[in-house]
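There are 2 protein chains.
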Amino acid sequence: MFLGDLATPALVADWATLEHNLRTMAAHLPGSRLRPHVKAHKCTALAKLQRDFGHHAFCCATIREAEGLAVAGLGEDLLLANEVIDHERLARLRHWPVVVAVDSELTIAAAARAGIVGVLIDVNVGLPRCGCPPEQAGRLADRARQAGLEVAGVMGYEGHAVGIEDRALRQEVCEEAMQRLLVAYGEVGGTIVSAGGTGTFDLNRWATEIQAGSYVLMDSQYAKLGLPFHQALFVWATVVSLGEGYAVADCGLKALGMDHGNPTIDEAQVLFCSDEHVTFVPGRPVRVGEKIKVWPAHVDPTVAYHERLWIAEGERIVEAWPIDLRGW
Amino acid sequence: MFLGDLATPALVADWATLEHNLRTMAAHLPGSRLRPHVKAHKCTALAKLQRDFGHHAFCCATIREAEGLAVAGLGEDLLLANEVIDHERLARLRHWPVVVAVDSELTIAAAARAGIVGVLIDVNVGLPRCGCPPEQAGRLADRARQAGLEVAGVMGYEGHAVGIEDRALRQEVCEEAMQRLLVAYGEVGGTIVSAGGTGTFDLNRWATEIQAGSYVLMDSQYAKLGLPFHQALFVWATVVSLGEGYAVADCGLKALGMDHGNPTIDEAQVLFCSDEHVTFVPGRPVRVGEKIKVWPAHVDPTVAYHERLWIAEGERIVEAWPIDLRGW
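Chains as they are written, first to last, in the numbering used here: chain E, 4 to 331; chain F, 4 to 331.
Here chain E stands alone, though its shape is the one from the complex (with noise of 0.2 Å):
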């Protein structure tokens, strides 16, 4: 089978790059020292390859995730990175070895109401997202411990400076994040600093693992960083239709995830998505029925669209992996 017999819209990722990726990565980060994050692709197949590359502890955004991953037998060293209240869904992962996220009384108390083994102390870095503020993880590290809970150590994502393009500036909102998380470590104690990202990876210094996940299938915003990683995403798209000046391919809105604005395509400007369709004016010459590439903008909303990742050894579909942890 090769990329010209898929039906479109279809997600597509290039093997050659896919695996310049991961080999770098592991090559910069070994072993424990990269969480791969999941969000990023919601495919176990991936996360095998990520296994394959050294990688034995996942991170995860959701309970579906980790449940998933743990099922596939990627339950070693999971962590829910993320603030849960409903303990009866947590309560679901209570049979692996999963340490989650806290920041709060109430997250405290569904895990260990969850039958939960272990958690991490969410701490806010300077992104307003979850997080307690850093003269409280200590105090709330006291309760989990109270509740039965085992503290594993701290967490805290500086996603204020992944995406900065300046490495420089990056580097400094990096380290800036970086002390306020280990003022909190200080107080809470545990062997894990969890924390960093894609645009982070070789910059944070501080934490014991990064939890990166777009580095592997990439996206236009994160290419702009000039990181070592490459876009190996598209979406695989057919020219349907040519007007005067524009052409239209279909893959649309409910093939991209739109966040951080359009798609784009190799020679040509896009100027507007629609629920099926790209509208795009080309740089060169194009035909109703050709194929095109189109490059999304963020990865995770986008293959959360999507039912399939084809991976591609240059024209040659050589596997079909199923996005098989999308939903909660």
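It is worth saying that the hints were derived from the structure and are not from the lab.
A few of these clues could be false.
Same chains, same names: a pair is fine if it fits in one copy or spans any two.
Stated by the list, open to error - Once the Cα atoms are required to be at most 25 Å apart in a straight line, the calculated SDA-like pairs of lysine to any residue come out as:
(1) LYS296 x LEU130
(2) LYS294 x GLU178
(3) LYS294 x GLY248
(4) LYS294 x PRO136
(5) LYS51 x ALA271
(6) LYS296 x ASP89
(7) LYS51 x ARG148
(8) LYS294 x TRP331
(9) LYS227 x GLY7
(10) LYS227 x GLY129
(11) LYS51 x GLY7
(12) LYS227 x GLU168
(13) LYS51 x GLU322
(14) LYS294 x GLY229
Mind docking chain F on chain E? Use the hints.
Quick look at chain F alone, frame taken from chain E:
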């Protein structure tokens, strides 16, 4: 089962509002005057409800939507309002009375080769997307007839008009677009002039049928237009964390179509969305564990992320409908 029992994030429609929207539209555009566009909800259970309100003809954007409707017993009169080149997949629809949009020699050839019975000539009426120039419509109709296809009429979507907030201007742009479509219709013949959307449902007096879809569920983008339809659709989410001056709920980029911007939350200002979170400034005290309604900005790509649509009568959950027409 009650709203409070749903695992979050969950896609929910309020029954009373849904029924109001269906009733209001059926009163304005009874029976075949409306061809409901299922791309907005991708749900055969909801399409059956539209049929109960008198609409027997449906509009689709994908082969899967058309095939799914037909298999569900809703294939009496289907329009695939989209260009398809892949004749092998299109042939899946050849046993049902499906009319397919065409705008080029190649789309006509694909329809003929697929064994499709009828086509509509898709005309560009001002939106830079699919559709031939009006002056080419007659020639394409001739080609379609030569290829053995029945030409049922024309379609032309005034997508550049439907979202204009000023009603008079919306009407003006709609009329201009429909003049282009009627010119083409004069050359093409047939019985169908298919056009329109929720924003022009009562302004478009030229089309024989209106292809509205969003009116059933609605979103915050369409809500600005002062239409007689109300927002029925929300994502039910749990507040999982509180920061200094902000709160975080468990509904993010993978639960929301983001091309029209951030969702809205009553009595709050939304700051930003992450993969699994929305960060917002509440205008009243909220607590961790509290459930809230998150109103999507764009209904179609929001629904496409979810497996199930829950129907709520007040606080009571009365139905759970599979979003069974997702994918392609």
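Hint-by-hint comparison with the structure:
Taking CA atoms no more than 25 Å apart as the test, LYS296 paired with LEU130 passes between copies only; the shortest distance there is 23 Å, against 34 Å inside one copy. In this assembly of identical chains, the alpha carbons of LYS294 and GLU178 never lie at most 25 Å apart, being 44 Å within a copy and 36 Å across copies at closest. For the identical chains of this complex, LYS294 and GLY248 are intra-copy neighbours only, at 18 Å inside a copy versus 49 Å across copies, given an alpha-carbon limit of 25 Å. For the homomeric pair LYS294 and PRO136, the shortest alpha-carbon distance between copies (23 Å) is at most 25 Å, but the shortest distance inside one copy (50 Å) is not.
In this assembly of identical chains, LYS51 and ALA271 lie within 25 Å of each other by CA distance neither inside one copy nor across copies; the values are 36 Å within and 42 Å between. Taking the shortest Cα distances, LYS296 and ASP89 sit within 25 Å of each other only across copies (17 Å), while inside one copy they are farther apart (41 Å). For the homomeric pair LYS51 and ARG148, neither the shortest alpha-carbon distance inside one copy (33 Å) nor that between copies (54 Å) is at most 25 Å. In the homo-oligomer, the alpha carbons of LYS294 and TRP331 lie at most 25 Å apart only across protomers (16 Å), although the nearest pairing inside one protomer, at 33 Å, exceeds that limit.
Taking the shortest Cα distances, LYS227 and GLY7 never come within 25 Å of each other, neither inside one copy (29 Å) nor across copies (43 Å). With identical chains, the CA atoms of LYS227 and GLY129 are at most 25 Å apart within one copy only, with a shortest distance of 23 Å there and 35 Å across copies. In the homo-oligomer, the alpha carbons of LYS51 and GLY7 never lie at most 25 Å apart, since the shortest distance is 27 Å inside one protomer and 37 Å across protomers. Within a single copy, LYS227 and GLU168 get their C-alpha atoms as close as 7 Å, which meets the 25 Å cut-off; across copies the closest is 36 Å, which misses it.
Only within a single protomer do LYS51 and GLU322 lie at most 25 Å apart by alpha-carbon distance; the minimum there is 14 Å, versus 38 Å between protomers. With identical chains, the CA atoms of LYS294 and GLY229 are never at most 25 Å apart, being 28 Å at best within one copy and 41 Å at best between copies.
Of the numbered hints given earlier, the model fails hints 2, 5, 7, 9, 11 and 14; all others are met.
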